[in-house]
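Given these sequences and hints, build the entire structure.
Heads up: the sequence lines are chains D and H, in that order.
Mapping of the first sequence onto this note's numbering: residues 1 to 301, in sequence order.
Mapping of the second sequence onto this note's numbering: residues 1001 to 1301, in sequence order.
Rather than coming from a laboratory, the hints here were simulated on the basis of the structure.
Every value quoted in this text rests on a predicted model; they were computed, and no experiment measured them.
Misleading hints may appear alongside valid ones.
Unchecked claim - With a cut-off of at most 27 Å between alpha-carbon atoms, the simulated DSSO-like pairs for lysine-lysine come out as follows:
#: 1; chain 1: D; residue 1: Lys11; chain 2: D; residue 2: Lys252
#: 2; chain 1: D; residue 1: Lys111; chain 2: D; residue 2: Lys246
#: 3; chain 1: D; residue 1: Lys71; chain 2: D; residue 2: Lys204
#: 4; chain 1: H; residue 1: Lys1111; chain 2: D; residue 2: Lys252
#: 5; chain 1: D; residue 1: Lys246; chain 2: D; residue 2: Lys71
#: 6; chain 1: D; residue 1: Lys111; chain 2: H; residue 2: Lys1285
Claimed, not checked - Here are the computed distance ranges between Cβ atoms for each label pair:
#: 7; chain 1: H; residue 1: Asp1135; chain 2: D; residue 2: His173; range: 33 to 41 Å
#: 8; chain 1: D; residue 1: Asp135; chain 2: H; residue 2: His1171; range: 50 to 58 Å
#: 9; chain 1: D; residue 1: His214; chain 2: H; residue 2: Lys1204; range: 33 to 41 Å
#: 10; chain 1: H; residue 1: His1171; chain 2: D; residue 2: Gly26; range: 25 to 33 Å
#: 11; chain 1: D; residue 1: Gly37; chain 2: H; residue 2: Asp1207; range: 28 to 36 Å
#: 12; chain 1: H; residue 1: His1173; chain 2: D; residue 2: Asp98; range: 25 to 33 Å
#: 13; chain 1: H; residue 1: Gly1251; chain 2: D; residue 2: Pro106; range: 25 to 33 Å
#: 14; chain 1: D; residue 1: Gly26; chain 2: H; residue 2: His1211; range: 28 to 36 Å
C-beta: ideal position from N, C-alpha, C; glycine also.
Protein chains: 2
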Amino acid sequence: MVYQYNETAFKTRLDQEAEFTTRAMGTLLPVDEGPEGRLMDAVRYSALMGGKRVRPYLTLNTAALFNVDPKCALRVAAAIEMVHCYSLVHDDLPAMDDDDLRRGQPTCHIKYDEATAILAGDALLTRAFEVLSEDGTHQDANVRIELVKELSKAAGPFGMVGGQMLDLIAHEHDLDMSEVARLQRMKTGALINIACVSGAILGKAQDSSLHKLHGYAHDLGLAFQIVDDLLDVTGDEEDVGKRIGKDEEQGKATFVSLMGVDHARDQAQLLRDQAIEQLEVFGEKADPLRDMAHFVVNRVS
Amino acid sequence: MVYQYNETAFKTRLDQEAEFTTRAMGTLLPVDEGPEGRLMDAVRYSALMGGKRVRPYLTLNTAALFNVDPKCALRVAAAIEMVHCYSLVHDDLPAMDDDDLRRGQPTCHIKYDEATAILAGDALLTRAFEVLSEDGTHQDANVRIELVKELSKAAGPFGMVGGQMLDLIAHEHDLDMSEVARLQRMKTGALINIACVSGAILGKAQDSSLHKLHGYAHDLGLAFQIVDDLLDVTGDEEDVGKRIGKDEEQGKATFVSLMGVDHARDQAQLLRDQAIEQLEVFGEKADPLRDMAHFVVNRVS
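Below, the structure written as structure tokens:
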């Protein structure tokens, strides 16, 4: 059967898997009844407030390619999403992007306070590694330690945190296209990459499969960022759930400021097609990943 | 030969091992030549500015009890110290303890800025887990994942980060002795504990040895905190390297405010003796750990 993107069916699936992830995170991030319970309240507020759960979807559906036990995949999906949520909490802080609104809700430091938000981010990051290290994640310690290694590399100073540093000082430099692309690869690409690759690690996949998923993740991540930049220019604030027009206001070089809206849109579509090409070897089982590539480029929020 | 504490010899050893640790951390936290290099500069500033390196000393010398390869022990010591350094960087932030001075030097957010300090802390924490996960830390993946598990538990919301939350809101509650002790166990005890136990994990020690080291770490950590509280009352600002008198100023319940200076001093000495008792089974090889127990109680900084 020829593959066709069905947005309604995809969104139902995305919502359902987001719900699974949120429920798993709720269990892995328990309420704390002690006097310090404010911390876990803030952690849960930040982690469970929703979101599309794109990274968990990628982990769950790459894991399915290799017939990984869904219970294991869900733990890894939850851990990676914890790292994503921690990065949002810290990025939203007054000293960083100073955002009051996230997913249409008050950000963590607005709802609680700055100190609590800093600690909530720290707690989410730390707990992510603990979850990966626990026996339930995979029976083979080699697999678990590989996940820790790849996630810490992706999230660390030469990945996501380095990308956030670069983003903060981007206005001091006149970034060209290759530098904007490098920033994206570090700031958002690295985590999308581990989300895709973690399923293959869990499934002890061959290098050739890993290679294809790296390629898929690379193109998908880039497309995702280009669309993010587009939404900041052309999106609807209510749909997007956060303040828009910030990039231009801050004089930030983005894919859109460097390429223009039309070219950026073309580029995102090209990357979508390239991402999908990488999946050929996996057959129909990869349809959920094909769907995601379409969704990332079509989304309005 | 009967054991005797020789402070001069101990301090030489402590300084030497601190130097080993700092050098290892310097290698594990490389300079970044990219435009985001400011991040690794701040990381290195915070991690390499010195300090007594008590936790690394504990790891190195408990590892020696089990004839662990010193190269492996040094990596673990460095990783645990990265977590300690990250906690200091975040605790010093304006939204938290708002400290300008640390070890007699400007704190990270004073030397750089708040955003960079938040990210530098995040980077140190993440890199610690990466270091543990790398092959050089131990050839057996089971050992590496056990280290990740124990360190993340110690540093997480039910350990160090939870303790910091509790500390921040301590003035809202009238903490009694058992609550102050719980706060200490979480905020500083948990990391001291993993510092001691990590050597045994590396050495695949038996449960009975682990149990003894847990006991040693518990008493040592408590003694350490009591002396910290004492130094905040009776210490010399220049010796201590940070502002003193803060606990009383903030109306914080401490071991000293609850027990009084004399009783607190007696209690620290009792804990020192108890800690040392736990080491009997290890014979002379544990003398460096006996030394540390004496040092912790005698120290003036």
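Holds or violated: 25 to 33 Å for the Cβ distance of His1171(H) and Gly26(D)?
-> Taking Cβ atoms as reference, His1171(H) and Gly26(D) lie about 31 Å apart, which means the hint holds.
Holds or violated: Lys111(D) with Lys246(D), Cα cutoff 27 Å?
-> Answer holds: Lys111(D) to Lys246(D) is near 22 Å, not above 27 Å.
Pairwise beta carbon distance, Asp1135(H) to His173(D), judged against the given window 33 to 41 Å | holds, 36 Å
If you draw a straight line from the CA of Lys71(D) to the CA of Lys204(D), is it 27 Å or shorter?
-> holds, 16 Å
Is the gap between the beta carbons of Gly1251(H) and Pro106(D) within 25 to 33 Å?
-> holds, 30 Å
Within 27 Å, alpha carbon to alpha carbon, are Lys111(D) and Lys1285(H)?
-> Roughly 52 Å separates the two Cα atoms, so the pair is violated.
Below or equal to 27 Å on CA atoms is what counts here, so check Lys246(D) against Lys71(D).
-> Status violated; Cα separation ~39 Å.
His1173(H) versus Asp98(D) beta-carbon gap, inside 25 to 33 Å or not = This hint holds: roughly 31 Å between Cβ atoms.
CA of Lys1111(H) to CA of Lys252(D), is that 27 Å or under?
-> Between Lys1111(H) and Lys252(D) the Cα gap is close to 26 Å, so the pair holds against 27 Å.
Does 28 to 36 Å hold as the CB distance between Gly37(D) and Asp1207(H), or does it fail?
-> holds, 32 Å
Does the Cβ-Cβ separation between His214(D) and Lys1204(H) fall within 33 to 41 Å?
-> holds, 35 Å
Could you say whether the range 50 to 58 Å given as a hint is met by the Cβ separation of Asp135(D) and His1171(H)?
-> violated, 40 Å
In summary, the numbered hints that this structure violates are 1, 5, 6 and 8.
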